[in-house]
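Its first residue numbered 2, the sequence shown is counted upward by one per residue in the numbering used here.
Just to be clear, a hint being listed does not mean it is correct.
Below, computed lysine-lysine pairings styled on PhoX-like, alpha-carbon distance capped at 25 Å [as the list claims (entries may be wrong)]:
no. : residue 1 : residue 2
1   : K201      : K364
2   : K486      : K500
3   : K441      : K456
4   : K355      : K334
5   : K432      : K409
6   : K341      : K474
7   : K364      : K408
8   : K144      : K165
9   : K395      : K369
10  : K341      : K355
11  : K184      : K108
12  : K302      : K456
13  : K334      : K441
14  : K302      : K465
15  : K476      : K302
16  : K465      : K476
17  : K201      : K464
18  : K153      : K201
19  : K334      : K322
20  : K464      : K474
21  : K465      : K201
22  : K364      : K401
Quick caveat, the hints were computed from the structure, so don't treat them as lab data.
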Amino acid sequence: MRSLAALHGVDPLPELGIPSNIQHGENPDADMAGAQDTIYLCNFRVSVDGEWLCLKELHDMEMQDSYIRPSEGAITSPDDPMHSLMARDPVVIERSNLVNISKLIVKELIEQSLRYGRMLDSDHLPLHHFFIVLEHVMRHGLKPKKGLLGPKKELWDILQMVEKYSPEAADITASIRDLPTVKTAMGRARAWLRLALMQKRLADYLRILLEHREETLEEYFEPHALMLNEEAVIITGLLVGLNVVDCNLCVKEEDLDSQQGVIDFSLYLRGSNSSNDLSGNGNNTNNEPKQRHINTMLDQKNYIEELNRHLNATVANLQAKVESLTTTNALMKEDLAIAKNTMIQLVEENNQLKHALGQDITKDTRMKVTELQSDEEEKRSVKSTTSDKSKNEKDIESGKLLEEERKKNLELQKELDLQISLKAEMEVAMKLLEKDIHDKQDTIISLRRQLDDIKLINLEMYKKLQECESSLKHKTELIAKLEAKTESMGSTIHQLDEK
Numbered sequence: 002m003r004s005l006a007a008l009h010g011v012d013p014l015p016e017l018g019i020p021s022n023i024q025h026g027e028n029p030d031a032d033m034a035g036a037q038d039t040i041y042l043c044n045f046r047v048s049v050d051g052e053w054l055c056l057k058e059l060h061d062m063e064m065q066d067s068y069i070r071p072s073e074g075a076i077t078s079p080d081d082p083m084h085s086l087m088a089r090d091p092v093v094i095e096r097s098n099l100v101n102i103s104k105l106i107v108k109e110l111i112e113q114s115l116r117y118g119r120m121l122d123s124d125h126l127p128l129h130h131f132f133i134v135l136e137h138v139m140r141h142g143l144k145p146k147k148g149l150l151g152p153k154k155e156l157w158d159i160l161q162m163v164e165k166y167s168p169e170a171a172d173i174t175a176s177i178r179d180l181p182t183v184k185t186a187m188g189r190a191r192a193w194l195r196l197a198l199m200q201k202r203l204a205d206y207l208r209i210l211l212e213h214r215e216e217t218l219e220e221y222f223e224p225h226a227l228m229l230n231e232e233a234v235i236i237t238g239l240l241v242g243l244n245v246v247d248c249n250l251c252v253k254e255e256d257l258d259s260q261q262g263v264i265d266f267s268l269y270l271r272g273s274n275s276s277n278d279l280s281g282n283g284n285n286t287n288n289e290p291k292q293r294h295i296n297t298m299l300d301q302k303n304y305i306e307e308l309n310r311h312l313n314a315t316v317a318n319l320q321a322k323v324e325s326l327t328t329t330n331a332l333m334k335e336d337l338a339i340a341k342n343t344m345i346q347l348v349e350e351n352n353q354l355k356h357a358l359g360q361d362i363t364k365d366t367r368m369k370v371t372e373l374q375s376d377e378e379e380k381r382s383v384k385s386t387t388s389d390k391s392k393n394e395k396d397i398e399s400g401k402l403l404e405e406e407r408k409k410n411l412e413l414q415k416e417l418d419l420q421i422s423l424k425a426e427m428e429v430a431m432k433l434l435e436k437d438i439h440d441k442q443d444t445i446i447s448l449r450r451q452l453d454d455i456k457l458i459n460l461e462m463y464k465k466l467q468e469c470e471s472s473l474k475h476k477t478e479l480i481a482k483l484e485a486k487t488e489s490m491g492s493t494i495h496q497l498d499e500k
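Full structure from sequences and hints, please.
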């Protein structure tokens, strides 16, 4: 803030309005220190000057307006835009300032990544500023602790809810819980934001929180918080642009539990950047073809990564299908074995019934023959003593016995036919099961062939990706050498001019 005040030629700000619902750290001293360092720039606004975004103090803008229009006096009309600006809600100004500062820092991050090969580490100053501003954005309007015994609202509790709606966030959340160097909840939240940025899913996770704001955010934030208003959509759009930036951050070596410091706004103002841009225009015109070639190579790399991701998803789906088909095939084989066993048992029972039926028929016929023979002998022996009436009674009894035997034979024949039909149905079912099993095996063979083809394609794409990365590394080395040569030539030209 001192550098900002010095650039505008005004006295340092006396005190900035800091909302009481923002807390830092785990103990009260750390909370007070964090609250004193929190900057929301309520007395500043971002204005456009040509192609530049500038920070101007509202008091200076009012003085300039009075100098331009001295006849109007010190009192402005209610229809004046400056009057309406001064009458705005400070919370709205806080949200607007956070959005504008985020735009400046994201723009600087993308420009720095394009200038230095799109690989940023923890020592990069604009990246450090980005995390500070993002922390202020995420904690704007966070509810304070209710009472002495009430639970404390922490940003880490909100970020842990993302894994309920996105399984990809479960890995980074679990790894942060196991970090031995981070002790506080705020430190875990800072580590989570860094890992999400390296994963290039920070914008997606923030969008998930906004889609489920009624379930996740309204419990933790005040109604005027940035995360519950339309400015959160703008922040999400800004974070999407950071997917082209590759970051290499070591979370274990950073002290994330302590306060992260303040932002030097002089890096993002017109006065500090104009000289650098004027000096860099000459080099940019010479490096435009090389930069275009690097951009095409990086676009190809991103395309190959996306294609590889889709291929991995397809391979996973095919493997799941193969596993399901193998389990189905195993179950069908078990059913086929059970059906074969039941069929064998039924055939054996059928044979046993046939044998028993044949034995019963032969016994019955023999018994009938013997009875008839004995009856005839008795008839012959007692011809003189038997009468016509006894002959008729014996004939009736023998007829009844014959009818009963015929009925038994018919019932046994029906049972035999039923067993034969059941055997035929079992044979048809066996044939259908064998045909289905053959079809499933053919499908499994074709799916395995497709899986092998996809693996070959994936290997080829991985080789192409390695070739692209090697060529990109070679190009970056050439660019660095050319830049070194241009700098040496510039120094020699400068020395010659001085002579």
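Here is how each hint holds up against the structure:
Straight-line distance between C-alpha atoms of K201 and K364 comes to about 91 Å, which puts the hinted pair past the 25 Å bound. Simply put, K486 and K500 have alpha-carbon atoms about 21 Å apart, close enough for the 25 Å limit, and the pair holds. For the given pair, K441 sits about 22 Å from K456 by alpha-carbon distance, which is consistent with the 25 Å threshold. With a C-alpha separation of about 31 Å, the suggested pair K355 and K334 falls outside the 25 Å cut-off, and the hint is violated.
About 35 Å separates the Cα atoms of K432 and K409, which puts this hinted pair outside 25 Å; it is violated. The hinted pair formed by K341 and K474 fails the criterion: a straight-line CA distance of about 66 Å is larger than 25 Å. Simply put, K364 and K408 have alpha-carbon atoms about 16 Å apart, close enough for the 25 Å limit, and the pair holds. Between K144 and K165, the direct Cα distance comes to roughly 22 Å. Compliance with the 25 Å bound is thereby established for this hinted pair.
The hinted pair formed by K395 and K369 meets the criterion: a straight-line CA distance of about 14 Å does not exceed 25 Å. Annotation: proposed proximity of K341 to K355 holds, straight-line Cα distance about 21 Å (limit 25 Å). With a CA separation close to 33 Å, the supplied pair K184 and K108 exceeds the 25 Å bound. Of the pairs offered as hints, the one joining K302 and K456 holds, with about 19 Å between alpha carbons and a cut-off of 25 Å not exceeded.
With a C-alpha separation of about 11 Å, the suggested pairing of K334 with K441 holds against the 25 Å cut-off. Taken as a hint, the K302 and K465 pair is honoured in the structure, with Cα atoms around 9 Å apart against an allowance of 25 Å. In summary, the hint linking K476 to K302 is supported, as the alpha carbons are separated by about 14 Å, within the 25 Å threshold. Taking the CA atoms of K465 and K476, the gap is about 16 Å. The hint holds against a cut of 25 Å.
For the suggested pair K201 and K464, the alpha carbons sit about 23 Å apart, so the restraint of at most 25 Å is met. As the CA atoms of K153 and K201 are separated by approximately 30 Å, the hinted pair breaks the 25 Å bound. This hinted pair checks out: K334 and K322 have alpha carbons roughly 18 Å apart, not beyond 25 Å. For the hint linking K464 to K474, the alpha-carbon distance of about 15 Å falls within 25 Å, and the restraint holds.
Our distance criterion of 25 Å between C-alpha atoms is met by K465 and K201, whose separation comes to about 22 Å. As the CA atoms of K364 and K401 are separated by approximately 18 Å, the hinted pair is consistent with the 25 Å bound.
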